[in-house]
Amino acid sequence: MSAATQGLVRLPVWRARFVMAALLAAFALLAGRSVYLQAMRTDFLQEKGEARYARVLEVPATRGTIFDRNGEALAVSTPVKSVWAIPADVELNAAHERKLAELLGLTRKELHRKLSDTSRDFVYLKRQLAPEAADAIASLGLNGIHSHREFRRYYPGGEVTAHVVGFTGVEDAGQEGVELAFQSTLGGRPGSRRVIKDRLGRIVEDVQSIRAAQDGAELRLSLDSKLQNIAYRALKDAVEQHRAKAGAIVAIDVRTGEILALANAPSYNPNSRTGLSGAQLRNRVITDAFEPGSTLKPFTVALALETGKASASTVFETPQGRMTMANYTIRDSHPAKAVTVAQVIQKSSNVGAAKLALSLPRETMWDHFRRIGFGAAPELGFPGAATGKLRHHRTWRPIEQATMGYGHGISVSLLQLARAYTVFATDGELLPVTLVKQESVVSGDKVLSAQTARAVRAMLEMAVQSGGTGPRARVVGWRVAGKTGTAHKQENGGYAADKYLSSFVGFAPVSAPRLIVAVMIDEPAGGQYYGGAVAAPVFAQVMQGALRMLNVPHDAPLEPLEMPSEAELREST
Amino acid sequence: MAKLNLLLLAVLVTCAIGLVTSQHRARKLFSDLERELDRARELDIEHGRLQLEASTWGLHPRVEKIATGQLGMRAPDPRRVRVVSSRVVQPRTR
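The listed protein sequences correspond, in order, to chains H and W.
Position 204 (the first sequence) corresponds to 204 in the numbering used here; numbering is contiguous.
Position 27 (the second sequence) corresponds to 27 in the numbering used here; numbering is contiguous.
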C-alpha cells in the first residue's frame, strides 16, 4: 500500500492552485461580462432584441367617398397595386418574361429596358395597376419583383360632374372642386402601431397604437346625378349648336337652397387629366362674374314696387325707345312710345328699367343689391367663388345708376344670380345655397314683401308668354316664369359689338315654385344670340326633364306649345 | 411543513401552466381578431369597388342609350299623358 503511495509522483501544490485561480478568473470574467451586459448595455440589447420581433406597421386610411343626394357614388377611392423590381435580383426565362410583360401591359422591349440597369435598387415597372393583374404577377413567384398598395380616386360621373366634384392630386389631396373644398373632412389620416410578430409573421400582440388611423368621412352632396346629367347634356348640345365659347347652368331647389345640378361646358374627364386647358377647368357658374344684362331688371322693378315709386301699371314714356344721357344713348329692341312697369320686364325695355333706376335713391338701390347677395361671395366653402363687382353707391354717376337698372356696370356670378331669384320664387326670402345635402327646409332672409314678390312673379310669367321675350322657355304641363338676358360682352374697357352673353333665369311651377334654373351661354356664334333664342330652350329642356323627374304636380294643361317666330324674341342687354 | 410545501408547489405549477395556456389562448384569439379585421378591410375595399362598378354600369348616359337604342323607349307625347289625381284613391274628408 505504502509502496503504491510511495510510487505516486507528488505534484507541486502550485499546479492545483493555478487551476483553481484560472477557474476563478474565468468565473470573474463571466460575472463581469454579465454585469456589463445586464447593467450597462441593457437598453441597447433590449432594443436590439425587440427589433427582432416588434414591428411598426403603417395603418392605411381611405379617403371618404363622395355621393350624390340619392347615394350614387361620384368619387370612390379603390386600391391599386404598383409593381416594382430590384433589377439585380431579377432572373427571367423567356416564358416568364413574355407573361410578365403581358400582365404589365408593356412590350418585352420596354420591360427589358426597365430591368437593364442593375445598379439601381428600385425601379417602378408599372404604377397603379389593377389588383387582379398584380395578384397574377405575384402568383408567378418571381424573384426581385414586388408590389405595394396605393389608392386611386375614380370618378364614375366623368365629365358630367367634373366641375363640382373636382379631383385629387398625386398625394391623394384635393386640388379642385369639392375635393378641395372638403379636403379636411374627406382626407383620412394614416396611423401606425407597434406589434409583435411571431416567426411565421403573424401578429401576436399589439404593443401600442402610436397613432390611430382615421378614415376620411363620407360626403353627401346636394347634387342629383340624373338632373345633373340632363343639365349637362342640354348645355353641351346648346354650346355645340350655337358654336359658343362656353356655357354654364345651375339648378337650385327652392325649398332647401340645395344646388341640384351645376354644369359647365367645356368640361373634362377627371379620370384622365392629360392636356387640360384652363378653359376646361373653369367652373364658370361659381368663379366667373359677368355683366348679367336684362336678367337683373326684375330686381330694379321689385325695388321700385317695394318702395312705392311705381306700381305694375305705372306708365313710362320711352320716346322711340331711346334715352340719351351724358353722350350715351340707351336703346330698346322693341321701340314703343310708352311702357308700363310690367312691360319693362315682358318686353325687356332698357329705357324703362333705366328710368325706374333713376327714380330710386342710390343708397337704397345699393343696399337692395347687397341684400340680394350681389357683391359678396355666397357662403359655399367652394374655392374661388366670385364676389362679383358692385361699386359703392357714393361712386355712382347718374348714367351708371341708369345702366345698373338693366344689369350693366355691375357683375355677378351665375350662382349669385340664380340665388337672387329665390326672392321671387319664394315670397321674398333670399335662401342660402349649399352643395351639401340638407335634411330640412330652410328659411332665408326676408328681402321683399310677399306682395312685391308675387307681383314680380306675375310679370316674369308674362315675359315667357307670347308677347314676351322668352316664350321658348315654356314647358308642357307646368307654368314657368323667367327673364331673358342678352348682354354685350365687355372687351378692352368697352363693349364688343358682336360678342354676346345670352342668359336665362327662371323658375317653375309658378303656382308653387320648386326649381330655379339659370343658364348662361358665352359668345354664341351660330347667328342667333338673343337669350330668348339661345338660353331659353336649354332652360325649357332642363326644366321639363327635372319637373317630370321630381314628380312635381302639373299646374298647366298637357298640350303642345306653339312656338313664336324668331323676330319676337329680340331684346338687347 | 413538507406537506404544505408540496401543496404550494402543486399550486405554483398549476398557476404557471394556467398562465402559459391563457397567454397562448390570448395570442391565438388576437391573431384571429387580426385576421377578421383584415377581412373587414378587404370587404370594405371590395364594397368601394362594387360601388364604383354599380355607378359605372348605372351611368345615366348609358341607361339612356340602352333605353332609346336597344329598347326603343321614348318620352310620351304630352297629349297622351293622363294625370291621375291621388284624391280619387284617397277621398279627402273635411
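Where hints are given, some of them may not hold.
With a straight-line cut-off of 27 Å between C-alpha atoms, the simulated BS3-like cross-links for lysine-lysine are [as the list claims (entries may be wrong)]:
hint : chain 1 : residue 1 : chain 2 : residue 2
1    : H       : K48       : W       : K28
2    : H       : K389      : H       : K446
3    : H       : K236      : W       : K28
4    : H       : K389      : H       : K489
5    : W       : K28       : H       : K197
Derived coverage of chain W by chain H (criterion: at least 3 residues anywhere in the stretch with Cβ under 8 Å from a Cβ of chain H; other residues may be distant) [to be verified]:
hint : region
6    : 1-11
7    : 41-52
8    : 55-62
9    : 78-84
Because the hints were derived from the structure by calculation, they are not lab data.
Where a beta carbon is used, it is the ideal one built from N, C-alpha and C, also for glycine.
Here's how the hints hold up against the structure:
| no. | hint | in the structure |
| --- | --- | --- |
| 1 | H:K48 with W:K28 | holds (26 Å) |
| 2 | H:K389 with H:K446 | holds (23 Å) |
| 3 | H:K236 with W:K28 | violated (61 Å) |
| 4 | H:K389 with H:K489 | holds (15 Å) |
| 5 | W:K28 with H:K197 | holds (12 Å) |
| 6 | 1-11 | violated (count 0) |
| 7 | 41-52 | holds (count 6) |
| 8 | 55-62 | holds (count 6) |
| 9 | 78-84 | holds (count 4) |
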